[in-house]
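Can you make the complete structure from the sequences, with help from the hints?
Read top to bottom, the protein sequences are chains W and D. Our numbering applies: residue 36 is where the first sequence begins, and numbers increase by one. Our numbering applies: residue 36 is where the second sequence begins, and numbers increase by one.
Hints in this document: simulated from the structure, not taken from any laboratory. Fair warning: there could be bad hints in the mix.
No distinction is drawn between identical chains; accordingly, a pair holds when it is met within one copy or between any pair of copies.
Said to hold, decoys possible - Derived DSSO-like pairs (lysine-lysine); straight-line CA-CA distance at most 30 Å:
#1 251 x 278
#2 278 x 209
#3 187 x 224
#4 172 x 278
#5 224 x 64
2 protein chains.
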Amino acid sequence: MSTLRTALTAPTQYINVNGINYAYRRFGKPSEFPLVGFQHFTGTLDNWDPLILEGLAQEREVLIFDNAGVGNSTGETPDNVADMAHDAVDFLNALGVYKFDVLGFSLGGFIAQYLAVKYPELVRKLVIVGAAPQGAKVLEHFPELIYNAMQKDPEERFLYIFFTATTTSRNKGKETLKRLFTRTEDRDKETAQESVLAQMAAITRWGADPVTMDLKMIPHPVFIVQGSDDKMMDSDNSYALFKQLSNAVLTYYPDAAHGSFYQYPQRFVNQANDFLNNF
Amino acid sequence: MSTLRTALTAPTQYINVNGINYAYRRFGKPSEFPLVGFQHFTGTLDNWDPLILEGLAQEREVLIFDNAGVGNSTGETPDNVADMAHDAVDFLNALGVYKFDVLGFSLGGFIAQYLAVKYPELVRKLVIVGAAPQGAKVLEHFPELIYNAMQKDPEERFLYIFFTATTTSRNKGKETLKRLFTRTEDRDKETAQESVLAQMAAITRWGADPVTMDLKMIPHPVFIVQGSDDKMMDSDNSYALFKQLSNAVLTYYPDAAHGSFYQYPQRFVNQANDFLNNF
Chain W
36 MSTLRTALTA PTQYINVNGI NYAYRRFGKP SEFPLVGFQH FTGTLDNWDP
86 LILEGLAQER EVLIFDNAGV GNSTGETPDN VADMAHDAVD FLNALGVYKF
136 DVLGFSLGGF IAQYLAVKYP ELVRKLVIVG AAPQGAKVLE HFPELIYNAM
186 QKDPEERFLY IFFTATTTSR NKGKETLKRL FTRTEDRDKE TAQESVLAQM
236 AAITRWGADP VTMDLKMIPH PVFIVQGSDD KMMDSDNSYA LFKQLSNAVL
286 TYYPDAAHGS FYQYPQRFVN QANDFLNNF
Chain D
36 MSTLRTALTA PTQYINVNGI NYAYRRFGKP SEFPLVGFQH FTGTLDNWDP
86 LILEGLAQER EVLIFDNAGV GNSTGETPDN VADMAHDAVD FLNALGVYKF
136 DVLGFSLGGF IAQYLAVKYP ELVRKLVIVG AAPQGAKVLE HFPELIYNAM
186 QKDPEERFLY IFFTATTTSR NKGKETLKRL FTRTEDRDKE TAQESVLAQM
236 AAITRWGADP VTMDLKMIPH PVFIVQGSDD KMMDSDNSYA LFKQLSNAVL
286 TYYPDAAHGS FYQYPQRFVN QANDFLNNF
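Spelled out as structure tokens, the structure:
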């Protein structure tokens, strides 16, 4: 038996596209459509929960990457979601990936929506975790929330953003944080400050700019996941997103914040695999 | 190998409690906690989708019954949810069932909430489909909606109440209706008009009476299921219910009305079994 690469062992690979060197990892069961992960604000290859990636990789190929300017990827991070999506499409096409499933987390969930509207033929199904539709008012508080988070030490910052204040949720957060550091070799470097600021601009613009996309036009199956208490996105926005889509399944988890799928990794994996395999 | 009773072959049994003869059926894999089905307005043993019951019965014992005055059960149907719950508890205790999981559909979902608050020690987990919390304003339109439904022939009435107006949803409804008539022998009789009127009073009172229950006190795991377009309950009310519970998972299905689990029987069975087994 050959040893399959896993989330923890897959080497970081690179491909040069439009002068940008993109870092990525591929692993899991070979499948017709890879599941491509679109990461949250500042997040790199190593901010994906390996437990979740491995659960998904049992049933399909998983492809994660650093978008332009993020982590180990070179290039300039755009200050808007549209250009982040264009960069991602160029990267994927260069790899020969012309049809894929999307796992979009937070900022990655904004890019997911943009892809479904603007590149409908490239996308098969979408999983959107902890996100909001264009025009979400709550995002005007995003810089303030991040500023507050930065006053805390790294562990408290992680818990503050992704988990609720209950002991149960915080303990799940500490477990998650350990998992994020399971991989010790060939790790990604942190995203540079200039890129972080560009992402912050992109996120606040997603909430502030005029709404240009008609989500009702998205025919793809979409699986939306959210926690009961996501203060960054406002949990209500996932229901608002659901109501604008024609073919979405929405699930909320209890006592959970922005990192709902970190908190319930096995529930999420079961539901996401069922959605991607059967819906 | 012994042949297990199934949803389609389990005989209707009877037990006399407080002078009421309760009709019920039990089947499925023996389990520590049976899943007890609480049925919708007018519904009898034969209004449960056998495909759903069988999927659930693969992993646990299922117990369905006609509450007082419903279907083949004798007795008087109460005009309020509380007394329906008391009747059910008397019936279950007489069978020796002192702890159980709940599957509450519509009116049955109201009873489920009441049981969790007033008999917390009897209930392990709850699955609530197409329901609303106490005080749901939309229920003041319930008699009008039923009156409109009664103007239609039986098939159209079923589709009007439980499915959306799209061809996809209506076709799923026609398939469901066929399944409800798969069982040909030992069927239940229809619920008598007096009982139907008592249930109508109970449902409108659930929306109109002062809210007496603090759902935040429910510690049980709850799985809430709803369609995107349930006009009877107003789909928003499932999110409102979720927000009042401390340990609930909520899932919405697309292009679905009051009969969301009829429309997606396999998705529902997978999620409900996962919830009942693992959460």
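Evaluated hints:
1. 251 x 278: both (9 Å within a copy, 26 Å between copies)
2. 278 x 209: between (34 Å within a copy, 25 Å between copies)
3. 187 x 224: within (21 Å within a copy, 66 Å between copies)
4. 172 x 278: both (17 Å within a copy, 20 Å between copies)
5. 224 x 64: Within one copy only: 27 Å inside, 52 Å across.
Going down the numbered hints, you'll see the structure goes against none, and every one checks out.
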